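K.L.:
Spelled out, the chains give:
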Amino acid sequence: MPDIYLDNNATTKVDPAVVDVMIPFFLEQYGNPSSIHKFADGVAKALKKARGQVQELIGAEHDSEIIFTSCGTESDSTAILSAIKAQPNRKEIITTTVEHAAILNLCENLEKEGYTIHRLPVDKCGRLNLEAYKKMLSDQVAIVSVMWANNETGTIFPVVEMAEMAHEAGVMFHTDAVQAVGKIPMMLQDTKIDMLSLSGHKLHAPKGIGVLYLRRGTRYRPLLRGGHQERGRRAGTENTASIVGLGRACELALEHMEYENVQVKAMRDRLERGIIEQIPNSFITGDLNNRLPNTTDIAFEYIEGEAILMLLNKAGIAASSGSACTSGSLEPSHVMRAMQIPYTAAHGTIRFSFSRYNTMSEVDEVLKVMPDIVAVLRKLSPYWDSVTNEPVANPEAAFTPTFK
Amino acid sequence: MWDYSDKVKEHFFTPKNAGAVVDANAVGEVGSISCGDALRLTLKVNPETEVIEESGFQTFGCGSAIASSSVLTEIIKGMTLDEALKVTNQDIANQLDGLPPEKMHCSVMGREALQAAVANYRGEEWKDDHEEGALICKCFAIDAVMIEEMIWANKLRTVEDVTNFTKAGGGCAACHEDIEAILEKVLAEKGEKFDPSAAPIEKVEVEKVKTPLTNLQRIKKIEEVLNSLRPQLMADGGDVELVEVIDNTAYVNMTGACNGCQMSAMTIAGIQQRIMEVLGEFIRVIPASEMKKLVNIAH
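Protein chains in written order, with the numbering used here: chain E, 1 to 404; chain Y, 405 to 703.
In case anyone wonders, no lab produced these hints; they're calculated from the structure.
All figures in this text were calculated on a predicted structure; none of them were measured in a lab.
This list has only true hints and no planted wrong ones.
Per the computed footprint, the stretches of chain E lying under chain Y, defined by three or more beta-carbons under 8 Å from a beta-carbon of chain Y, are:
no.	stretch
1	372-381
2	395-401
Just a sample of chain E residues kept apart from chain Y, beta carbon distances all over 10 Å, derived:
no.	residue
3	E164
4	T191
5	A338
6	T359
Think of the CB as a built atom: it goes at the ideal place given N, C-alpha and C, for glycine as much as any other residue.
The following block holds chain E by itself, in its conformation from the complex (with noise of 0.2 Å):
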């Protein structure tokens, strides 16, 4: 069988269609979009469909409120830095413990600067306290960034409550959109959200392609200056090739929502149903009844996420884990944390993230190979007795290492 990719949420493979429709932007139709002469010729025509077909998918109201970017990461800190930036008054920031690390790290360096970072913590199912946020809102605060949905746990957050309570606080809402966008549907022009940051390549679009949402009216601040590409909003030379990749990218996107929302769905929750039934002490993460289609995360306890993706690997699977070795920073998953997944089960989640280009019967040959996985390593495990192949009696007892 094929390599198996069900590591979707970390990026997708370009659809062949949207690669089709780059290629005259790199051999033929290469001009800037600025130059009078054929060369340019419809590039800005071009342009134009791409922000068009963008809007359709996230329901904007007008393509001009479409900035293309680099990437999700460049979304997020603009609408961050524009919303400090045009209200030097506001010192406070909210966001949530679990964002991503585009958010997350540019707020711990705020904080460094003398803002206030207020981080909303999640409960064990991942989910947010919206009282707690009602009280945390207040006319020192410059701009609430909270996730559309989590990358890890697919858990998807009431953001567009959340903005609606911000509006009424005269709060400025932002949301980093870059999971949700494409996986579930979306009318922005019907919510009170001003800014929302999307990524071209969790969506079958290339890599180096972001777009931001700015609601008509929203105070702005750009973070690059120079020419007057996107309205003066995001300088440089647009990244032609790749924007039409995006706005075709986001069409076929929308034709495959209910696909998405059914038959992807199925197999996750096929995947997910399977291990737990024939894997012992394995649990999914998250909040089971309000996640992304395509996601699911679980936690083989006693193991640890790192291991079992070099044998997942090894059996030409490819998934990612949330264990403190996979992320190069040593660091075990904050958003395990955040929920309170004891270490031994923290360090073992795997997320495994579908698309619409994987099949069923590849969900049967994950499920052939799991159990066995984990059956390997749980042998190594201080933590696990072989013998009667369940955890040893109390474990967190039965072996103590001086840690340090």
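Let chain E serve as the given structure and place chain Y on it in line with the hints.
P.N.:
Relative to chain E, chain Y alone:
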């Protein structure tokens, strides 16, 4: 994914001596808080000879933690306890054809489990002597705790100082922002303020050699360089001693905390660099343990 050597993969995919040794009489259990890995090492030691007859591991950890544990059990089998205690984490990493800098702590964990097991056998209590912090300099595998300690011990004030004393930041320089943040923090604790344009601490300068040296002069000059580097080593609880110079090779003993320190290979490389700068000729610096045994020609 990490760039693991084939040796690491081999020991991960087919680990040696997995599981607990039955009738073990020495058990070491240690964990690394920075990544949550933990290891139980069980040994069967011959009470007469103190030879490790069997060794087994149980590891909760990543690929390199399992590989380090596996290779450790292979290295120490057949050794006496005293021999085993000389195994350094660098030996473990070397046997695996190296580990990524972020993963060196896996080999440290192996060595510590070994020390803990020996202490357990001897009825002693094993105490860990160094704390591990977030990895700052990826080029030279230096963590925040080490940098902080060096700033305190040597009154460092600039990034250049930190690089001179720890090597941190001496490679790609991408960690200079992080080093500045540590300087800011530590200096604030000392009631000082970090000044990026402060002058670095002056190095003890050893006069460079211009003319060819006799062997005796060369030895004296090498001693001089070692003396100039000694304060840094001693600040870190270690020391260095020159054992022998044969041709262009200097054999040294790393003592105290330097002995078996994660950084000792790096330190030796630094010493070699400094000696070559001063002597103006190629000199190899090698741990004395690798010196050919002296043969008594009288026999």
